[in-house]
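Asker: Sequence:
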Amino acid sequence: MASKQPAASAALRATFRLFANGERVLAQNVDGKLIDIGALETKAGRHTVRLDVDPLELQPSHSVEAALRAVSSQLSFDYLDGLFTSEGPVDFHGDLFALPHVEWQLDEPLPRELTDGKPPHIF
Numbered sequence: 124m125a126s127k128q129p130a131a132s133a134a135l136r137a138t139f140r141l142f143a144n145g146e147r148v149l150a151q152n153v154d155g156k157l158i159d160i161g162a163l164e165t166k167a168g169r170h171t172v173r174l175d176v177d178p179l180e181l182q183p184s185h186s187v188e189a190a191l192r193a194v195s196s197q198l199s200f201d202y203l204d205g206l207f208t209s210e211g212p213v214d215f216h217g218d219l220f221a222l223p224h225v226e227w228q229l230d231e232p233l234p235r236e237l238t239d240g241k242p243p244h245i246f
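Just so you know, our numbering puts the end of the sequence shown at 246, numbered straight through with nothing missing.
Hints were generated in silico from the structure; no laboratory data involved.
Be aware that a few hints might be false.
Within a straight-line C-alpha distance of at most 25 Å, the following computed DMTMM-like cross-link-like pairs (lysine to aspartate or glutamate) qualify [stated by the list, open to error]: (1) K166 with E146; (2) K166 with E188; (3) K156 with E210.
Restraint-style ranges between C-beta atoms, simulated for each label pair [said to hold, decoys possible]: (4) L233 with H185: 34 to 42 Å; (5) Q182 with H216: 31 to 39 Å; (6) L219 with L181: 17 to 25 Å.
Remember, it's a predicted structure, so these values are computed and weren't measured experimentally.
All C-beta atoms in this analysis are idealised placements derived from N, C-alpha and C, irrespective of residue type, glycine included.
Whole structure, please, built from the sequences with the hints as guidance.
Answerer: This is the structure we're talking about:
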C-alpha cells in the first residue's frame with residue numbers, strides 16, 4: 124500500500140514570539156533563538172514598532188501588546204526565517220515572559236521532496 128503524499132500547499136506551523144524590551148523589540152523562534160528586530164517608539168501614549176529591516180507603515184496602537192500584534196500580523200515566515208538566519212543572538216538576562224509579548228504561528232512551507240515535487244510557479 125502506497126503512502127499518501129501531502130498536498131503541495133501543505134505546511135508546518137512555526138511558533139514565534141515578540142517581546143518589548145524597553146525601546147527594543149526582540150523576536151524568538153521555535154528553537155529559542157532571540158534576536159533584536161527593531162524599535163518600540165512611544166509618543167503621546169501611543170506605541171509603534173519600527174523594524175530595522177524592511178520597515179512597515181503601521182498605525183500607532185493604544186498598548187505595547189497591540190503594537191506587537193500589529194507588527195506580527197504583517198510578518199511572513201520567510202522574512203523571519205531570513206532574519207533568524209542572518210542575525211546574531213541577543214544576550215538577554217531575566218524573565219522574558221515578564222516583558223510585554225505576543226505569540227503567534229506562521230505556516231512554514233514543506234520542502235519540495237515532501238510535496239508533489241512541482242515548483243510553486245510554472246512560467
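Asker: Hint by hint, which ones does this structure get wrong, listed from lowest number up?
Answerer: none
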